[in-house]
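Enquirer: Using the hints, put the two standalone chains together into the complex.
Quick mapping for you: the protein sequence lines, in order, are chains A and B. Counting from 0, one number per residue, gives the positions in the first sequence under numbering that gives the first Met the number 0. Counting from 0, one number per residue, gives the positions in the second sequence under numbering that gives the first Met the number 0.
Hints are computed from structural coordinates only; laboratory data are not their basis. Treat the hints with care, as some may be off.
[To be verified] BS3-like cross-link-like pairs, simulated, lysine-lysine; straight-line CA separation at most 25 Å: (1) A:Lys-54 <-> B:Lys-97; (2) A:Lys-31 <-> B:Lys-97; (3) A:Lys-31 <-> A:Lys-54; (4) A:Lys-6 <-> B:Lys-7.
The residues making up each chain are set out below.
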Amino acid sequence: MSRVNQKTKICVMCGDEKVEGIIIQSGFICDKCEYEIIHTEVGDEKYPFFIQRMKKLWLKNA
Amino acid sequence: MFVRLKIKFQLLWHRILFFLGLKTEEIHYIGGSETLPPPLTREEEEILLEKLPNGDNAVKSMLIERNLRLVVYIARKFDNTGVNIEDLVSIGSIGLIKAVNTFDIDKKIKLATYASRCIENEILMFLRRNNKIKTEVSFDEPLNIDWDGNELLLSDILGTENDTISKNLEEEVDKKLLNKALEKLNDREKMIMKLRFGLEDGVEKTQKDVADMLGISQSYISRLEKRIIKRLRKEIDKMI
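Isolated chain B, as found in the complex (with noise of 0.2 Å):
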């Protein structure tokens, strides 16, 4: 009876605020010393609940007000990723917004409850959201805009050349055919060939470090590469 005689004051005085267009001084910062309103106990919240279809705003108003600790309590969870926590509070504020709106009362379950899931959702909606859109590249993304305004877009310089495909193919026949070659050569000349051009290892070394490793002169390896070039050529011409 008590509980119910002050919801009922509490409500009275909101109205009177309301319908005088005045407004308390009480805005609390998020992380401030000063605390939000208390919850609602379960007495409290059903009264209200009670009086929520009527649609009387004053209702909805002490209903989303002494649910904020909540929006404060789960916006914090998502602190870590990257979204300010005032934006956190202000997305929670909107689902609990929607959760006060849209809350059934005949499904018997505590608008608290109901208010943590919208609340929640709203906010991993946004998260979501922003995510996909860091992530995310239109192919109609304008790179450039010329003098006369016309705008190259991603997709303009998106494409694959004619060759793609075949380009790969070629280079293993050519790889095979060059092996055949070089089988024809003897041991020194196909060692030079590896060596200078990094048929195993990748590495191309230059005449002097091949000259080195041989014990024969620089002009030497010039004149044998020109050489086994020459033949290597022959030998697969012949192949095809």
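Extracted from the complex, chain A is given alone in its bound form (with noise of 0.2 Å):
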């Protein structure tokens, strides 16, 4: 019986092709990167980014 592999989706915040993740308002952040925005503080370098991307899940132009 051959396994069907799940499919990859591509994360919202670093933009790769990852299987493992959340899904919010149909965007996909991968866990890697979820692990990331749970331990970024707001004075870090990254945050500013992570505020930009966040808006993928809620402005298709974003």
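Expert: See the structure below:
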């Protein structure tokens, strides 16, 4: 019996194709980026990047 | 029982879509006419929270999605802070993701209560940080760079002159000496000095103005002035 492969999805944060992660509002965030988001503070260099990318969950043209 | 089945079905649907990599075309716009998914009922939330410690991504996704209204509601409260609503919703969403990942079911509080605090805290931290950046200036702030690439820093131009402290003291002493010397003059001479150099009100009048006020010619005021200054200098020299 052949095993059906789980489809990869493009992460709205890193843009990579990944399998595992969460889906919010039809946007996919991979496990690695989710972990990074949780461990990023407002003063961190990457925080503004996450703010911008997070808009992709809400706005089509973000 | 029905609620449990409903949640199970929703989770299954979520997993199927996830497995197939399909995206639903439900993109909600902030302030748009489309409504966000409704919040979970207490029972629905309890069922999902039971499964949360297993790290099930479908459960996490549902918990996050069904609390998005909370994010928009809280973000709108900070609408008057100068940060645009899209940014506020993004920051709130980060707070919500953090909340779902750090929620402790043993604490026996509602996820919405905990999430509200996390969302609000995330936005407040951002605003505080932003305000700090706006009002703070670093001493190492480069003001200019010359042709050789040398930076002129704010700290390079800051500093106090060597005589900053003594200058004021000396001025005070000079004032006292001048006042003492003025006492040696007659009333008309005193008046001329006060009017010409604004010793009382800080307004310096011209020789013409003073001459008109005292009913004498301007050339006479000029001669008197020279004589009075000479005398004041002598009086001050005597005191030093």
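Enquirer: None of the hints should be skipped; say for each whether it holds.
Expert: The hints, checked one at a time:
1. Distance check on the hinted pair: Lys-54 of chain A and Lys-97 of chain B sit about 17 Å apart at the alpha-carbon level, within 25 Å; holds.
2. Between Lys-31 of chain A and Lys-97 of chain B the CA atoms are separated by roughly 14 Å; this keeps the pair inside 25 Å, and the hint holds.
3. Proposed proximity of Lys-31 of chain A and Lys-54 of chain A is supported: the alpha carbons are some 18 Å apart, at most 25 Å.
4. Only pairs whose Cα atoms come within 25 Å are accepted, and Lys-6 of chain A paired with Lys-7 of chain B is accepted, the gap being roughly 22 Å.
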